[in-house]
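Sequence order for the protein chains is A and B. Read in order, the letters of the first sequence correspond to residues 1 to 210 in our numbering. Read in order, the letters of the second sequence correspond to residues 1 to 210 in our numbering.
Since the hints were derived computationally from the structure, they do not count as laboratory data. One should not assume that every hint holds.
Pair by pair, the computed Cβ-Cβ distance ranges are [as the list claims (entries may be wrong)]:
no.: 1; chain 1: A; residue 1: Ala154; chain 2: B; residue 2: Asp58; range: 22 to 28 Å
no.: 2; chain 1: B; residue 1: Glu185; chain 2: A; residue 2: Ser209; range: 47 to 53 Å
no.: 3; chain 1: B; residue 1: Gly150; chain 2: A; residue 2: Arg34; range: 23 to 29 Å
no.: 4; chain 1: B; residue 1: Ala157; chain 2: A; residue 2: Pro27; range: 51 to 57 Å
no.: 5; chain 1: B; residue 1: His77; chain 2: A; residue 2: Leu57; range: 44 to 50 Å
no.: 6; chain 1: B; residue 1: Glu187; chain 2: A; residue 2: Val196; range: 28 to 34 Å
no.: 7; chain 1: A; residue 1: Arg160; chain 2: B; residue 2: Asp58; range: 20 to 26 Å
no.: 8; chain 1: A; residue 1: Ala154; chain 2: B; residue 2: Met1; range: 22 to 28 Å
Backbone N, C-alpha and C define an ideal beta-carbon position, used for all residues, glycine too.
2 protein chains.
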Amino acid sequence: MKLYDFTLAPNPRRVRIFLAEKGVEVPMEQVNTREGAQFQPEFLAVNARGTVPTLVLDDGTVLTESVAICRYFEETHPEPSLFGRTATQRAVIENWNRRAEIEGMTSVSDALRNTLPMFAERGLVGAPDGVPQIAALAERGKAMLERWLGHLDARLATTRFLAGETFSIADITAYISFETAKRLEYEVSANYPNVVRWLGEIAARPSSSA
Amino acid sequence: MKLYDFTLAPNPRRVRIFLAEKGVEVPMEQVNTREGAQFQPEFLAVNARGTVPTLVLDDGTVLTESVAICRYFEETHPEPSLFGRTATQRAVIENWNRRAEIEGMTSVSDALRNTLPMFAERGLVGAPDGVPQIAALAERGKAMLERWLGHLDARLATTRFLAGETFSIADITAYISFETAKRLEYEVSANYPNVVRWLGEIAARPSSSA
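The following block holds chain A by itself, in its conformation from the complex (with noise of 0.2 Å):
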């Protein structure tokens, strides 16, 4: 099992803290994204997209979704379980998962490779051939950030973590969502002081810095 990981990157990270959080140790080996190393032929030939995380397993099953890796990780070591239950937290945690990537994640990476110079030809994540920024694409993203953390800020006025009172691969891909926004000198303001609370409660656990 090999686990192509880059430790600048958003996504990977998710992954790490998810495996921390496990306390599961996986051999890596890093694709520096920043030099392009993600579209060598070496690496395309693993993955065509260019993207990381990727996870190969020993039967030669190629895992390149963030959550898909997860999700195998859950099933091989269940505890403690980061995806729920029951069939009720089970979906609920999903359905906030996927609140965490279309509202927060999803905003703030159009916001991000919209903008930042880095990016120029790599609007959107990949694309090996290059895909150009979308000006008008990055405000949106901006708005939708500001939408997505009144939505936050109302749930978690009343439950501790994203998914209730139980810390979900949700509230990583959340958590995530805003380091990432950091990139663009962002900071959640004390309009949203429920966010601001469990954003604390996040950062404070020993897989944060993963």
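Dock chain B against the given chain A, drawing on the hints supplied.
For chain B alone, coordinates are given in the frame of chain A:
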């Protein structure tokens, strides 16, 4: 339990096909998104983003994401399995379902919502107060759809279904993306023979009429 549905919208159809494959019947209520019913106060009180499908469980739990709704029914009605049984199967299905969403559904949705006059101020789903269309994003969506077809055709040259030899939720997601693309008068070309073969097989299943 109640499932808020709309027969003409793509994401509710993903859930209806999933339920048809399971042989499960659920009480449904139509929310006519072409007449703006999803943005009426009664429905926004259930789901503040105004999206369908939405499932409300008997205990009041609200699920607003198609795959979270499907996962609930997978847990409560395990046969036939559409999310996989072993750790590797579950991870591979998650992987291809996500690729079908990220590379397929998102590409089609970007193209459709930023092109059709009926979405003039609704360039993004789940935004009750409106989002302008971005013409460049529609073009990017069309380009990304071709890229996805290349990846999918290569995959389906080696497997019967997206995630292997067994039909799964990943096939439903990918099928619906191409069904939705028909609204752009888009048909999958013979340049992708494996996709054409697979599309015919999915369309022949009784569930496809759901």
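Structure-based check of each hint:
no., hint, result
1, Ala154/A to Asp58/B: 22 to 28 Å, "holds (23 Å)"
2, Glu185/B to Ser209/A: 47 to 53 Å, "holds (52 Å)"
3, Gly150/B to Arg34/A: 23 to 29 Å, "holds (27 Å)"
4, Ala157/B to Pro27/A: 51 to 57 Å, "violated (30 Å)"
5, His77/B to Leu57/A: 44 to 50 Å, "violated (29 Å)"
6, Glu187/B to Val196/A: 28 to 34 Å, "violated (50 Å)"
7, Arg160/A to Asp58/B: 20 to 26 Å, "holds (24 Å)"
8, Ala154/A to Met1/B: 22 to 28 Å, "holds (24 Å)"
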